[in-house]
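Q: Chains as they are written, first to last, in our numbering: chain A, 1 to 238; chain B, 1 to 238; chain C, 1 to 238; chain D, 1 to 238.
Among the hints, a few may not be true.
Cβ-Cβ distance ranges computed for the label pairs, FRET-style [unchecked claim]:
(1) S19/B / G8/A: 25 to 31 Å
(2) D136/C / S209/A: 30 to 36 Å
(3) S19/B / G206/A: 36 to 42 Å
(4) L155/A / G21/C: 25 to 31 Å
Going by beta-carbon spacing under 7 Å, a handful of chain B positions derived as facing chain C [said to hold, decoys possible]:
(5) S45
(6) G46
(7) Y142
(8) E143
(9) S171
FYI, nobody ran anything at the bench for these hints, they're computed from the structure.
Even for Gly, the Cβ is constructed at its ideal location relative to N, Cα and C.
Number of protein chains: 4
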Amino acid sequence: MEHNELRGRVAAANRQIASAGLVELSFGNVSGVDRAAGLFAIKPSGVACSELVPDQVVLVSLDDGRVVEGELRPSSDTPTHLHLYRSFDEIGGVVHTHSPFATSWAQARRPIPCFGTTHADHFHGEVPVTRPLRADEVGGDYEMSTGEVIAETFLGNGLDPLHHPGVLVASHGPFTWGADPDEAVMNAVAVEVIARMAYQTLGISGDASPIEPFLLDRHFQRKHGPNAYYGQSVPPGT
Amino acid sequence: MEHNELRGRVAAANRQIASAGLVELSFGNVSGVDRAAGLFAIKPSGVACSELVPDQVVLVSLDDGRVVEGELRPSSDTPTHLHLYRSFDEIGGVVHTHSPFATSWAQARRPIPCFGTTHADHFHGEVPVTRPLRADEVGGDYEMSTGEVIAETFLGNGLDPLHHPGVLVASHGPFTWGADPDEAVMNAVAVEVIARMAYQTLGISGDASPIEPFLLDRHFQRKHGPNAYYGQSVPPGT
Amino acid sequence: MEHNELRGRVAAANRQIASAGLVELSFGNVSGVDRAAGLFAIKPSGVACSELVPDQVVLVSLDDGRVVEGELRPSSDTPTHLHLYRSFDEIGGVVHTHSPFATSWAQARRPIPCFGTTHADHFHGEVPVTRPLRADEVGGDYEMSTGEVIAETFLGNGLDPLHHPGVLVASHGPFTWGADPDEAVMNAVAVEVIARMAYQTLGISGDASPIEPFLLDRHFQRKHGPNAYYGQSVPPGT
Amino acid sequence: MEHNELRGRVAAANRQIASAGLVELSFGNVSGVDRAAGLFAIKPSGVACSELVPDQVVLVSLDDGRVVEGELRPSSDTPTHLHLYRSFDEIGGVVHTHSPFATSWAQARRPIPCFGTTHADHFHGEVPVTRPLRADEVGGDYEMSTGEVIAETFLGNGLDPLHHPGVLVASHGPFTWGADPDEAVMNAVAVEVIARMAYQTLGISGDASPIEPFLLDRHFQRKHGPNAYYGQSVPPGT
């Protein structure tokens with residue numbers, strides 16, 4: 001069995017979304033890509049994230065979405081993951097959950113406004129929401145269309161997928177991504193935290209406003225910009 | 001002592017609704033049926049679900065609701081379970097809880113609208129709510145009348161109990177069911193998740209609309225229809 | 001050291017309100033009475049409930065509220081407990097918490113309407129709220145006045161403390177009681193569950209109505225009335 | 001390595017805000033000061049609070065904010081902590097979190113009204129909120145400006161930092177403090193509890209009023225005033 005490291009990382013990331021409380025039942029999946037090998041690894045369909053082991057992880061071709069290795073059927077959301085890897089060259093991991101607060105915003109079909117710095121630390125602006133899928137899209141290759149409407153949301157609005165590392169699919173739930181599966185999981189946690197706080201902010205002040213662009217920029221850049229000074233990647237004293 | 005396997009499954013399912021956070025105190029019960037033997041197994045009254053052991057499970061006749069075997073008094077909701085097994089031939093397990101979000105919808109006497117795909121994965125439309133019971137029903141054989149008003153809700157509206165695997169009893173709480181006790185428990189978890197998300201969706205957008213019928217159908221059918229492709233019952237690559 | 005059994009029960013009940021999630025920091029206390037001995041046992045002030053051991057429990061005289069035995073200062077709420085034991089002859093245990101949903105209703109100075117059967121299983125009508133204390137009461141023997149305003153709420157409205165086993169003190173939080181400390185703790189759990197569901201019910205339907213008196217009576221009586229048939233105190237088959 | 005005791009206390013306090021559920025990801029930090037030594041100890045940047053060990057704690061000069069000892073980069077919020085220690089002579093520990101309810105009030109840019117005695121036990125009036133920072137403040141030494149706007153909020157309104165042991169930074173989140181790191185952590189827990197209850201109180205009664213000044217005074221003084229009688233610092237029987 002090949003690609004053991006990738007399988008291991010993807011299995012661990014799937015268990016992590018369960019232990020972080022983002023997943024009930026089997027509503028969630030994580031994948032990770034190996035672009036050099038032309039494939040990605042993804043959770044099998046209908047298996048609980050909390051108990052996933054590396055041998056159950058399925059390898060899928062980046063070319064045609066067919067199973068390369070694995071005895072189980074891959075997640076029914078596999079075509080969505082495939083389309084995201086093809087559309088967003090910079091990403092190495094994708095997470096889908098039905099985490100409760102983020103899904104509630106998706107169900108309300110509203111983007112999550114950036115009400116504070118917790119949000120700005122992760123997204124350079126609102127968490128976008130896709131348009132609803134049309135009947136022909138839902139009736140056709142539905143899961144592929146889900147990927148397409150995500151890509152359309154980003155390309156049509158000139159959004160950078162690394163500056164907005166996630167999206168709400170209307171009436172469905174969040175997809176997030178990152179440089180690798182771990183970062184995609186961290187962004188799934190962040191989207192749920194952001195969604196909860198925004199929900200509660202509206203409960204306190206129904207007409208709350210998004211933060212000023214200069215505050216948004218400062219927080220996003222201090223973690224993600226060329227002069228980032230958050231974390232340990234820059235030595236102390238500089 | 002006979003029917004040890006059924007007792008064991010029913011005891012485990014009762015412990016599971018406690019560990020899933022659906023039950024506080026002793027507000028909940030699970031039963032499972034053995035139609036060939038003409039009986040069902042159910043939790044005793046007033047015993048905490050979290051500590052139930054197989055020997056405490058009570059066996060009750062499908063014919064007349066009398067105790068067949070067991071030293072403890074069966075759940076006071078036993079006549080409701082009995083009537084559900086008699087009315088819905090397809091079901092093998094029944095769960096009753098007072099899980100907090102689902103019970104809140106029951107108390108508001110509103111069906112839960114289908115706001116998203118999490119819901120559509122489990123219910124082919126809204127989670128129905130019964131009419132309130134009348135004074136004569138409450139004053140008479142109350143728990144049997146609870147079963148009757150559930151059956152009336154389904155028969156009167158032409159609902160298929162396998163397509164709507166649960167109901168809210170007005171001012172009371174949810175009952176769910178399934179092919180066996182485990183599936184009934186999974187549907188109890190699903191109803192609580194659905195109820196929470198719908199509550200939060202209304203908090204974000206008070207005039208949120210149910211999803212389009214084509215999206216509802218697609219999600220329900222991909223898990224439950226004749227061409228279902230979710231889970232592992234279909235081999236990969238098909 | 002005498003009264004070891006009572007100390008042990010009271011210590012256990014204090015740990016239980018912590019493990020049930022009703023208490024943050026040191027905001028809570030449980031007491032239990034021994035009427036024959038003319039004293040009650042109560043948590044010391046400022047000690048975390050979660051770590052309470054029997055030796056720390058303080059014994060207080062039912063006559064004058066003075067410490068009979070114990071090296072620590074008793075809870076600052078001791079005069080409230082004292083007044084409740086004196087006013088309500090039927091009770092054997094008292095619990096005070098600042099559990100979050102019940103306290104929110106107390107802060108809103110609204111009684112909790114009986115929106116469903118979960119509530120009716122424990123309270124024969126709404127969970128009452130006291131009038132706000134006056135400046136002279138707060139400035140005088142404040143904790144004793146808290147007990148007095150609770151007794152006034154019950155006596156003035158003809159409420160039976162065993163049919164309404166708890167109250168919300170306006171702007172403060174819930175006090176509950178029962179035949180013994182364990183039952184008082186169970187009622188503290190029930191009040192928090194009831195308060196949460198009522199809060200959520202209002203969120204779904206702002207004009208929700210209390211349940212019909214016949215449903216209220218049926219549920220309360222099936223657990224607490226002379227012909228109660230809930231739990232194991234009546235043999236099966238009767 | 002010096003100052004081992006301080007490092008140990010600060011590491012433990014950081015782990016405590018994680019175990020208390022106040023911190024997701026790395027959104028939080030605790031520091032503690034040694035005024036005699038002219039330095040404070042603080043969490044490193046981007047490290048999870050839940051796993052912090054004493055050797056990772058960074059020592060920073062109270063004079064110029066430079067690292068005195070430690071191999072990791074200190075928290076990006078270090079200049080805010082520095083300014084608080086300089087502005088408020090009485091404090092020995094500072095906590096910053098993005099705890100969800102307190103942050104929601106900060107995002108709504110509303111002070112938390114004192115709706116009950118849980119609040120009055122910790123704050124002698126509302127939990128204040130700062131004005132939003134201006135573009136020049138955010139664009140300049142942002143974290144120092146955060147400290148400055150907190151000090152401005154207290155000095156401008158004549159607030160005593162020991163009577164209001166915390167603040168909401170607009171669009172950001174809570175900072176709390178105390179005589180030492182442990183007390184600062186307790187106040188961080190208290191602010192989150194207070195924020196949650198106030199949120200829920202508004203959900204029950206949108207026009208709820210703050211409590212009367214005489215009740216506010218009584219509760220605050222019974223724990224913090226010259227004649228305090230809460231806890232074990234006064235012997236029993238007095």
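Q: Now, for every hint given, state plainly whether the structure supports it.
A: Structure-based check of each hint:
1. S19/B / G8/A: 25 to 31 Å: The hint (25 to 31 Å, Cβ to Cβ) holds, given that S19/B and G8/A are roughly 28 Å apart.
2. D136/C / S209/A: 30 to 36 Å: Hint violated: Cβ distance 45 Å, outside 30 to 36 Å.
3. S19/B / G206/A: 36 to 42 Å: About 38 Å separates the Cβ atoms of S19/B and G206/A, which means 36 to 42 Å holds.
4. L155/A / G21/C: 25 to 31 Å: Violated, at about 47 Å.
5. S45: holds (5 Å)
6. G46: With a closest approach of 3 Å, the G46/B hint holds.
7. Y142: holds (6 Å)
8. E143: Where the cut-off is 7 Å and the nearest Cβ of chain C is about 9 Å from E143/B, the hint is violated.
9. S171: holds (5 Å)
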